[in-house]
Every structure is written in structure tokens, then in C-alpha cells.
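Listed below, chain by chain, are the residues.
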Amino acid sequence: MTDEPLSQETPQPNAALDLTRRKGSIAPPAPRGSVGRAARAAGPYVTMARIALGLLARSRFARAGASVLGVIAFFAVCADLLARSPTQVSADVLVPPLTAGHLLGTDALGRDLFSRVIHGARTALGLGLAGAMVLVALGVAIGALAGFVGGMVDSIVTRAVEALSAIPTLLLVLVVGATVAHPTAATLIWTIALTRWTELARLVRAEVLLVLGSDYVTAARALGASPSRLLRRHVLPNAVGPAIVAAAFGVASIILAEAAVDFLRVGPPDTMASWGEALGEARGHAGAWWLIVFPGTALLATLLSLNLIGEAARDALDPRLRMESPGSTLKV
Amino acid sequence: MFRHAIRRVLWSIPTLLATSLVLFFVTTLAPGPADPLPRFLNLNPRDVRSLAQRAISHVAAADESQDAGKRELRRLGGAALPYVLPHLEVLAPDARRRVAMALSPLAERMRLPAGADLAEPGAAVLFWTRFWDDRALDFSSVAVSRAVTRLVEHGTDLRENDLIVLDTLALPAVIRAMANTTDPRTLARLTEIASHATERGSPLSAEANAEEARRAVGDWSEWWFVNSTDFGALNGADRVLAVITETRYGRWLKRLASGQLGVSAIDGEPITEKLRARAPITLLLCALAMFVSFALAVPIGAVGAWWRGRAFDVASSAVMFILYATPTFAVAEVLRRLTTTDAFGEARLVFPVCALAAGSLAMLSRWQRTAMLDIARQEFVRTARAKGMPIWRVLVVHALRNALMPMVTVAGLHLPALLGGAIVVEEVFGLRGAGFETMRAIELHDGAWLTAVLVAAAVAVTLGLVASDVACSALDPRVKEVLGTRQERQAL
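First to last, the sequence lines map onto chains A and B.
With the first letter of the first sequence counted as 1, position 224 gets the number 224 in the working numbering; the numbers rise by one all the way through.
With the first letter of the second sequence counted as 1, position 96 gets the number 1096 in the working numbering; the numbers rise by one all the way through.
Check the hints yourself; a few may be wrong.
To be verified - Partner residues aside, some chain A positions facing chain B, computed with beta carbon under 7 Å:
1) Phe-114
2) Ala-166
3) Ile-167
4) Leu-170
5) Val-176
6) Val-180
7) Leu-303
8) Leu-304
Just so you know, these hints were derived from the structure itself, not from any lab.
Quantities reported herein were computed from a predicted structural model and do not represent experimental measurements.
Glycine included, each C-beta is placed from N, C-alpha and C at the ideal position.
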């Protein structure tokens, strides 16, 4: 996603006149400190996205989050190889961990908890990624449209953003699950994606307005750049940063909502293993601590690492904090 | 300041309308019984006049829907007579007889002294023509409401018979009178008339207790809300407005605006009553959680930011970060397991409030820390320190006062999360508030309650946002300049 605007750097007839292109040689003196280093490390084109990615790669919190997430993703991808079927029931009901054949014990139906946790990673990451893709696409498209077109479209989008942000997401997800005829996991991610694009759209819109008012866009306009070129070359690359942040938080919030819905036992019927469902089962069995600890740890680790990446990305993109905060403390 | 507040409140009206559109869409996702009304625009709103005319035309033409037409005439009853009887004359003789015969069950219900007249078509026509000549004046709206008033005041069988003759035409006044009286004898007579005219339900007995009476009145006003247009004529402005109001969305909105939220599918309790009983628990829970989380978050965030990078900051940031990622239901579940004894008295709210406050605390303290970081490097803070002021005074009076500003906005913004968390917490702890009831409604498909709760939550959040915006503008004169500043502030 991030390389898309950059890969279009094919030589063009008026390249020499194009003031909007900043080659390394004519770039303004690189700012001091980590930004400059990150920008130089990132390559010849100094763009918002490059700076962000460079900084992101340098943040050890982001790296830590990414490695944990990598392990979880590995489990999700290789779930079938690592564990047996999560729906297979056995006679060993509520067996504690470390017994023969069941590394993490079993639940009340005799299903192996280890395979449920492993397959739960697939459910969580799969749903989260699918939902976040829709959410990011909607948010960037609507936000860019509102900022770029302005006027009527802008006010309608602003109203829609305000209207949607007044509805509690969890309540909405629960009610939609109860009203549609055949609720599935897709219902949940569509509900979240269709109502939670608002924060990203707001950020993208603000970013677009900021860019459209800048001198280099005026210069590009004066040179005869078409609106579509403005959008591609100057507006959308600036939306990459907020999109990365929104994607990380979007995945996290979809995983969280899905877990909450499954925990409350109103989710889609249990053909898929889910951490929330395992946690919900623990409510009825006070002694079965392993039903809380293992799925809970998996859920918490996933959410923590996603938040770490999201926060690191936001710090990399927020110019005020980027200049100020030393890299030694946990950042907000 | 005042102007800004007014403008902000007015701007929330289109927002609420947009929210209502979303919620209307969500709550009508269920494939219910086919609703004949169009969704947003009804170019031919139906009323008693159009229904009666359609029924007459079917009966007069003796086509395949004539049985349905007869049933419809019987259902519409007395309310349709002003539009049926004057029309008899313009019909062909055959058709006139057929319509007159179709009205005979109605004469029976109205207890008219017709006797043998109704068995023979020619006599029936004559009977109805004479009836209308004699009694047309009784069928005016003034006469109807006077008759109902007399019944409420005197309550004799004679007065009751007056209304039986008027049949469904008396319904609007009767249902209105029901809502305004608590006397069981009067209520018994009123419900007797209503169920006689509509052939629906059973009348309330005169010995019914207050609870039964309230149920019955709620049931009748709900029925009237759904069916009222079938028994009244649309005239003038009403007819024009009906293009919008007589649609599914219009009805849905009118239902919410008039507080006529229907009855619960679970126990038949009116939703309004239920909401009044349950919502205070949820609101109290949220208010307490908000208070607790603010009381802790402000000092933690402020101190952490002021001595940035020290042990306290690192530790509190780490804890808050982990708490931020922990789902509310996990916190609630763990806390519930820690409580060994069953909850009792006022203390039963302690753990739910802690569970709910934990999530808010994590979010708020991180916001407070950012806000404080922002202020701490401003020049007036440096000046204050350079003047040699005591450090606590700089911290509290100069920095924190300004750093609290963004928190007012955040207080409004995190309301949706708080309400969502309240559902989970109430469910885990078995607190019988609105969230607990919502879970039961989801299990048993109680659409009326879910609609009511969604709308109530959305309205509460919108009001909260407006309040926090107005408070912001009161505290900070710079906010007044542009409306919609919240978006711009958020964007930064």
C-alpha cells in the first residue's frame, strides 16, 4: 500500500520543471536529529510515508510488537499443521494443562484448548485484517473526497461522522447480530467497518485540507497539474500515515469487539474457534483457570502488539511528538 | 459564548436526524411481516376515507375481492359511515343493495333496532338512508367528544349505548380518555366500548388493580398508535404532512419522539416503564466510573508528564498501556472472581465501577499525559519556573489548569466506550441495569427494547458531546471562532 504512490516515479517529459519532485540532490537540508537520519536511511525521496516507515522501523516498541505479531501470525497460518481440529470433542472433559495429549487442557466439551487457542489466532487475525482493509479503504476514500471536493460533500461527510460517532460500537454490533436473520462473522466486521471509518476519514480530511493549502500544491496547480494528479501525487501519499495507524488500531478493535461478542455468547455459531468464546466458557466453570489464562494471554498479547505498532506509527507521524519525545520512555 | 452554545445545540439536530437514519436502518434489518408502508415517501397516504371507498367499490362491483371488502367495512365500522352512507345514493340500485347488505353486521354491532329490515336488500337500503338522515349530526366530531365526556363524568349504561352506536368513530376520544383517567369503573366502561367496536381483546373488569389497568391502557394506546390512521380522515395540512409521516421512517421517528416505544416482547411491560426502571442503574454506574477514572487519571497523567522519563512515568505508562489493551470483559471477569461473597447493599456497585473505570482510566490518563506534555514545554510555564515559583504551584495552577482543557473534550468522546463497557460489566456482575436487560432482549429477540436502548444511548452520547463542546467554549475563548472545531482539534 505504501509503495503504490512511490512506484509511479517514471521519468516524465517535464521532470525538470516539476517543482513538486524533491530529488535528494535538491532537497532542503535534512532536519537534525532522528528524522533526518530516518529520512536519509529511507531513500532518495523524502516523503511523509518514507519518513514514517523509516521511523517505524527504528522504534523498538514497534519492532517488539511486530515480532510478537509475527509469531501469532505464524501460528495462524500453520494452525492446521500444529494442532488438531478445534471442534473435535473427546471424553476428557475439563482436563487441566500438561496432561497426556492435551498440552493446555480441555474445555467443558472436551475440546483441546491448545488447538482452540492456535485456531483462535487464525479467526482473530483473519477477521481483523479483513475488517481493517474495508475500514481503511472507506476511511481514506471518504476522507479524501470530503477534503478534496469540499462544499456540500464535505458537510454531509462531517454530519455522517458526527452521527456515527454517537453510536456505541459494542451495542450496535450486538443489536445488528440480533436483528439480521443469519448473523455471521462477516456481519460483525461489516458493521464495524461501516461505522468506524469515521476517525480515519476525519484525519485524512484534515491532512488533505492541510496539503491543499500548502505552497507546493499551489505551485503544482500553477504548472497545470490535473486534479487527479494532485490527488495521486500530493494528497494520497499524505494519507498513508494515518492509514497505517488506523489499520493497526482497526485490526485491534475488530479483534476486541469479536472477542467481546463471543464472550457474551451472542456471536456467530461456533464453527470457528475463538478466544472470546473460550473466555466466555470459563464463566461457568470457576475452577478451570486455564480456560481464562491461555486464551486471555493470547488475546492480550495480540492487542498489546497491535497497539504498540499503532502507537509507534502515530508517534512517527505526529510532528509535535516526533520532534520532542526521547526514545527512552514509553510514549503516549 | 451563549450564541455558540445555541448554535452547537441547533447543529446537533441534523446530527441526530442522521443518527436516526442509521438506527432506523439497523433496527429494521430484521425480515419482519411485510409492511405495506413505503420507507421514506408515501404519495398516497391511506385514511378511513380511501379505505372505505376502496371497500365500497369492491362490494358494489361484486368482484373477487368483495368478501375482503365486506370484512374491511366491518372492521372500519362507524368511522367509515360518514364516507359510506352519503355515497349510497350515487351507486346503481344493485350496487346500493349489496353495500347496504354488507353493512348489516355493523348494524348488529351498533345494536341498532333494525330487526327484520336487514334481511331484505331493499329494506336495508331504506333503513340506512333513514338512519343517516336522522343521525348524521351525532357523527360529528364535537358530538363524539361530548358523548365521551358525558360517559366519563356520569358512567351510566345509557351513555355507554350512545357510544356503542358511534362504534369506531368514538375510538380517538375513548383512547384519549383512557390515558387521562385512573378510575377503574370508568376504565372498564371505556375498554368495553373499545373492544366492542374493534372486536379485539377483552374489556377490563371493574375490580382490576392498578397494575392491570396500566397494562391495558398501555396495550390500547400501542394499538391505537399503529392503527389510528385507519379510523380517521386526513384533511388539509395533515394530508400534506402524511406524505412524510405515513411512512415507515416517519412512524418510527414519531414513535420515538412521542415516547410511544411499544411493549416488551419478553414480559409485555411498556418499554418506557422498563427504561425508567433500568436506566438509572446504568447511568449511575457510568457516572461513578467516570468520576473515579477522572479522579485517578488526572494526577497520574499530569505527574507522569511533568517528571517525564522518571521511574513513576515509565511504570505508570507501562501499566496504563497494558490496561489500555485489556478488554473490559476480562477485567470484569477477573474482578468478579475475586469477590468471594455475594454482593450486598450499596457496596454491590464497587467492583462493577472498578471494572468499568479501569478501561477509562487507561485511556484518560494517557490523554492527560499527552496534554500535559504539550503544556509543559510552553513558554509561560518556563517563565513561571524562572520566577522562582514553588514547583507545585507551577504544576497545578499554571500547567494543569490548561492541560485539563482537552480532557473536557475527551470526557465527551469516551462516552460511547463507557456505555458499551457498561453492558459487559452489568452482564458479568449480574447487575440488573439497562445493559443486562439488553442482553436478555438479544437472547429473546425483543426488537422494541433494542430500538429504544440504541436510540437512548445515541441521544445520551450526542447530548454529552454537545455539553462537552459547550463547556470547552466556555472555558477557552479561542474555541468560539469556528464551529466544528472539535474535528480540527482532533485532527492535530
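Hints, one by one, checked against the model:
no. : hint    : verdict
1   : Phe-114 : violated, 20 Å
2   : Ala-166 : holds, 4 Å
3   : Ile-167 : holds, 5 Å
4   : Leu-170 : holds, 3 Å
5   : Val-176 : holds, 6 Å
6   : Val-180 : holds, 5 Å
7   : Leu-303 : holds, 4 Å
8   : Leu-304 : holds, 5 Å
When the structure is compared with the earlier hints, a violation turns up for hint 1 alone.
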